[in-house]
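> One letter stands for each residue in the lines below.
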Amino acid sequence: MSGVAPLPGTGLDIDMNVETASLRRRLEEAEETLRAIREGEVDALVIGGSRPDRPDEVFTLEAGPEPYRVFMEAMDIGAAALDDGDRLLFANTALCALLGRSVEDLQESGLTAALGEEAEPQLRELLRRGREGRASAEFRAGVGDEERLLLLSAAPLRLGPTFGLALTAADFTERQRAASVEESERLARAVIASASEAVVVCDRDGRITHVSRSGLALCADVPVGRMFDEAYPLIVPEMTGLPAGEDLIAMAVGGGMIQGIEASLGEAPAQRSFLVSAAPLIVSGDDIRGCVVTLVDLTQRKEAERHQLLLMKELDHRVKNTLALVVSICTRTASSEDTVEGFRRAFLGRIHALAATHTLLAEKSWANLLIGDVVAAELAPYVPAGDSRLAMTGLDIWVSPRAATALGLVLHELATNAAKYGALSTLGGSIAVSGHLDREAEELTLEWRESGGPGIHTEPVRRGFGRSVIARSLSYAPDGGAELRFAPDGLECTIRVPWQDLQL
Amino acid sequence: MSQDPQRPIRLTLYVAGQTPKSLAAIRNLERICEEHFPGRYAVEVVDLRTAPHLAREHNIVAIPTLVRELPTPMRKLIGDLSDTEKVLVSLSVNEA
Numbered sequence: 001m002s003g004v005a006p007l008p009g010t011g012l013d014i015d016m017n018v019e020t021a022s023l024r025r026r027l028e029e030a031e032e033t034l035r036a037i038r039e040g041e042v043d044a045l046v047i048g049g050s051r052p053d054r055p056d057e058v059f060t061l062e063a064g065p066e067p068y069r070v071f072m073e074a075m076d077i078g079a080a081a082l083d084d085g086d087r088l089l090f091a092n093t094a095l096c097a098l099l100g101r102s103v104e105d106l107q108e109s110g111l112t113a114a115l116g117e118e119a120e121p122q123l124r125e126l127l128r129r130g131r132e133g134r135a136s137a138e139f140r141a142g143v144g145d146e147e148r149l150l151l152l153s154a155a156p157l158r159l160g161p162t163f164g165l166a167l168t169a170a171d172f173t174e175r176q177r178a179a180s181v182e183e184s185e186r187l188a189r190a191v192i193a194s195a196s197e198a199v200v201v202c203d204r205d206g207r208i209t210h211v212s213r214s215g216l217a218l219c220a221d222v223p224v225g226r227m228f229d230e231a232y233p234l235i236v237p238e239m240t241g242l243p244a245g246e247d248l249i250a251m252a253v254g255g256g257m258i259q260g261i262e263a264s265l266g267e268a269p270a271q272r273s274f275l276v277s278a279a280p281l282i283v284s285g286d287d288i289r290g291c292v293v294t295l296v297d298l299t300q301r302k303e304a305e306r307h308q309l310l311l312m313k314e315l316d317h318r319v320k321n322t323l324a325l326v327v328s329i330c331t332r333t334a335s336s337e338d339t340v341e342g343f344r345r346a347f348l349g350r351i352h353a354l355a356a357t358h359t360l361l362a363e364k365s366w367a368n369l370l371i372g373d374v375v376a377a378e379l380a381p382y383v384p385a386g387d388s389r390l391a392m393t394g395l396d397i398w399v400s401p402r403a404a405t406a407l408g409l410v411l412h413e414l415a416t417n418a419a420k421y422g423a424l425s426t427l428g429g430s431i432a433v434s435g436h437l438d439r440e441a442e443e444l445t446l447e448w449r450e451s452g453g454p455g456i457h458t459e460p461v462r463r464g465f466g467r468s469v470i471a472r473s474l475s476y477a478p479d480g481g482a483e484l485r486f487a488p489d490g491l492e493c494t495i496r497v498p499w500q501d502l503q504l
Numbered sequence: 001m002s003q004d005p006q007r008p009i010r011l012t013l014y015v016a017g018q019t020p021k022s023l024a025a026i027r028n029l030e031r032i033c034e035e036h037f038p039g040r041y042a043v044e045v046v047d048l049r050t051a052p053h054l055a056r057e058h059n060i061v062a063i064p065t066l067v068r069e070l071p072t073p074m075r076k077l078i079g080d081l082s083d084t085e086k087v088l089v090s091l092s093v094n095e096a
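Chains as they are written, first to last, in full-length UniProt numbering: chain A, 1 to 504; chain Z, 1 to 96.
Keep in mind that the hints are not guaranteed to be accurate.
Claimed, not checked - Selected chain Z positions facing chain A (in silico; Cβ < 10 Å):
(1) P8
(2) R10
(3) Y14
(4) S22
(5) P38
(6) G39
(7) A42
(8) L48
(9) R49
(10) I63
(11) P64
(12) P71
(13) G79
Unchecked claim - A short, non-exhaustive set of chain A residues, derived as facing chain Z with CB atoms under 10 Å:
(14) R25
(15) E39
(16) E41
(17) A44
(18) L45
(19) E57
(20) A81
(21) D83
(22) R87
(23) L89
(24) Q107
(25) G110
(26) T162
(27) G164
(28) A166
(29) F347
It is worth saying that the hints were derived from the structure and are not from the lab. All C-beta atoms in this analysis are idealised placements derived from N, C-alpha and C, irrespective of residue type, glycine included.
The shape of chain Z in the complex, shown without the other chains (with noise of 0.2 Å):
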């Protein structure tokens, strides 16, 4: 997988509280991002339990979500991102 290594990733996890996959995806996220891009990545995971009106500035309907704000485009990963290789191929910044 080629990364432009300067470049920042900005991620946003939509969660339900400690549904299993909601969980899932944090974990999952956390270890593909440390192992991938380590120091090169935010991530903020947003409850939509505590908080369900955040869902619309990303129009989330489904939980887990991660959305790829930078680098641009946006783009959504639905599911626990237990499946590392199309977790990289979505975040993976050299096609942007």
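Only chain A is shown next, with the shape it has when bound in the complex (with noise of 0.2 Å):
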């Protein structure tokens, strides 16, 4: 410029124009660019642009996101930060392992990429309830061929001048997995205890892990972390190369099974009988980690079969004792009565008699009986029970089959006689029967008392069979017996039953 002014319209003119504007405008720029730094519009400048020498770099103004990008991956746990649109502005690598994701591929495919299609309504609810306040949610991410089970949790984060979602990622898919292992070991072990048999489990060595509550019930001290040869020491009976408990369970442990065999354990009279099986415990595949042994406790059936077993040889007994009887009663009465008529009507008598306690005891299932049921049973047939002739006093005293037998056959002999000739024989007799029980000499009598009846004036000469009968049927015992007393009133009778034969 030489102080002269330009020519309007030329070249020259023009370039300057053009220069000015350009210049203006890069002052403007300039002001704006301050502006905006003063004013806190801009969080970054270019450095060194303007130097050929010094190669471009950023550098960013304030705090920005720098300083939780370093907390953030101090962390342990998978931590991003995600603007208000949601979108990933950070992950750090401890998140990025845990989706197998690269920080690039978050922040390109969002975490819904990551987390799976089917995630997306459920994340994008955390992150709306995130920035109300801190939320969480499980969610389940493939990686690789595994799944995970991650616990996301989102909370308000202040971003510079905006706000944010902080978002952290734990993983408890191990946990999940002890936890899932735990319970099902607990339901093992509940199915364990809460088996009805008997049921023990061994490891390889053959000591004792786990032992039901009836299995526990077998043993005095605690079973488990003893062998089990030792907490249950078998006895298989017969045992001719016959597993005990330790072949028992070497056999087990070895893969076979032992189903069924017959043994048993403790000492007489608190021994207990068992159906023993064993099976090896199989974890998986071929993984043999112990045995599991059954012990079925067979002492109730055994009892029950011994209880048969005797019924049947009483039975058999009873059947004989009472056909000689009958035998005996058959042969007696021929020789003691003069006319067939007479063998008849005394013959079936005395097996009516013998009928009727029979019956009694048939109905109490061949138990014990009453004395006053046995007596009203024999006198029935002359005098009922209730009948003001008969008076029964003191016979509430049970008595085993044998004594009933024995005294029917006697009470039917001394009401067959009492109503030939004694005091049923006449409409103004009575019969009493009472019964003494004197328990500090072990006696029980039955006194047998005729009155009102004709009266005896002489004792019979001949001693029949019915006498006889009276006489010693008791008498299978040295205590027990009859005596007959010919008193004027009537007949008395004095029955000694024996003591053994009583239950009081």
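From these two lone chains plus the hints, build me the complex, please.
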């Protein structure tokens, strides 16, 4: 410029104008930049762009997101920062490892891609709630071939002038797996513990690891931790090469199945019988971890079998006894009766007496009988129970079937005699039967007293079978028997019931 | 705001990684363009953190900066573009 004003319309003038405009624009830009920095509208600057010897570098102004990134990187758990549009600003290495993706992947495709499309509504809801306050939700993410269980928490995060979200992710796949293993273990324990039969689980060495409640009841001490053989010393009867406890475990651990071996535990009288089975404990594949032994208590069944056998023997014995008694009654009645008719009546009467007692016994399943019932049954054909002619006192005493049968025969003889010749042969006669129990002397005597009958003037000379039955029926024991007394008012009889056959 | 509906708008937004202002600028620009210039804008986002040398083309100093390349003349707007009115004034094509 030489102080000469440029000529209007020349090229120089135009160049000047363009340059001035450019300068003005650059100045405006610089001013705008400064204003923007001053007013906090920028948070990064490019340094070095104007110097050819220095490469351009970007520096962030103010704190920006950098400190939180450093902080997030230092965290063990997965963490991410999201802006208020739910875009991922940053994800730490832990989260990238959890999701099996790089930060760039996550920034590009978002969290939904990492968690799966189906998780999208749930994730959106979590982020929405996270903006209002802390919120958590569980997610399943497929990482490689593995499925991970993640607990994602979202909370509001201030990012400079705006608000975003802080997202943390904890992997509880392992914890869940451990919890599920623990749960199934607990279930298995409960199953074993609740088993109604004795179930004993042993490890490969035969050491007990689990026992059901019924199994515990078989041991005086806690069996867990002890060797099976020691805790349950099984005795196998007729043990000729059959396995006992130790061999049982060895066979089962070796993969063999042992089923239904009868064995006993403990010593008489507390000895119990068991049906013992053992099987290998296969956890997976061919992996035998030990064995499971079950002991089914046969004691009661055995007891029932024994009882049945006893009853059969008893029945056999009684049938033989009864037949012998019938034969004896027949022979003796025949020898003491003069006519066939007399024999028939006497014999049938005695058989009926026997039958009456048997009926009572059968009703009671051959258990004990009340003396009063036997008296009433034998006298029933002549005088019904409750009749004023029959007085019964002190007869509520239980006796064994043996004593009841004998007593029945004695009472039958006394009753038939009373009906023929004694108190029951007249309308005014009566009979009193009373029981006298002397616990100290261990004596039970029954007194039969007739009165109001025709009376006895002389003791009969003839001793028929009836007297023999009365005298001998109860004398199978030293303290048993009966004595007749021919008192003037009527027949009296003292019957002694063997003490051993009383059920007091 | 009267704008020529036919003329395309080409914009370049310079950002620096994920600084809050950069991200805010991206979101605001997307929103404004979608609302006011649907179908006739093209935005290129340049991350100067990964490619700082690209700052030279438009002589960028502050980030974020929006450069209107079309319609000419070129205009720059610095900041996170949160003031919609100001952005629309800068982008308005009728003044070009």
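> With reference to the structure, classify each hint as holding or not holding.
We went through each hint and held it up to the structure:
1. P8: violated (23 Å)
2. R10: Status violated, d = 19 Å.
3. Y14: holds (8 Å)
4. S22: Interface hint status for S22(Z): holds (7 Å vs cutoff 10 Å).
5. P38: Not OK, violated: P38(Z) not within 10 Å of chain A, min 19 Å.
6. G39: violated (22 Å)
7. A42: Because about 20 Å separates A42(Z) from the closest Cβ in chain A, which is outside the 10 Å limit, the hint is violated.
8. L48: Holds - the Cβ of L48(Z) comes within 10 Å of chain A, reaching about 5 Å at its closest.
9. R49: Cβ of R49(Z) sits 5 Å from chain A, so the hint holds.
10. I63: holds (4 Å)
11. P64: Because about 7 Å separates P64(Z) from the closest Cβ in chain A, which is inside the 10 Å limit, the hint holds.
12. P71: violated (16 Å)
13. G79: Interface hint status for G79(Z): holds (3 Å vs cutoff 10 Å).
14. R25: Since the shortest Cβ distance to chain Z is 8 Å, the answer is holds.
15. E39: holds (8 Å)
16. E41: OK, holds: E41(A) within 10 Å of chain Z, min 3 Å.
17. A44: At 4 Å from the nearest chain Z Cβ, A44(A) passes the 10 Å test, so the hint holds.
18. L45: holds (6 Å)
19. E57: holds (6 Å)
20. A81: holds (8 Å)
21. D83: holds (5 Å)
22. R87: The hint holds - R87(A) has a Cβ within 10 Å of chain Z, the shortest such distance being about 7 Å.
23. L89: holds (4 Å)
24. Q107: holds (8 Å)
25. G110: Result: violated, 14 Å to nearest chain Z Cβ.
26. T162: holds (6 Å)
27. G164: holds (8 Å)
28. A166: violated (14 Å)
29. F347: Since chain Z brings no Cβ nearer than about 123 Å to F347(A), farther than 10 Å, the hint is violated.
Consistency note: the structure conflicts with the earlier hints numbered 1, 2, 5, 6, 7, 12, 25, 28, 29.
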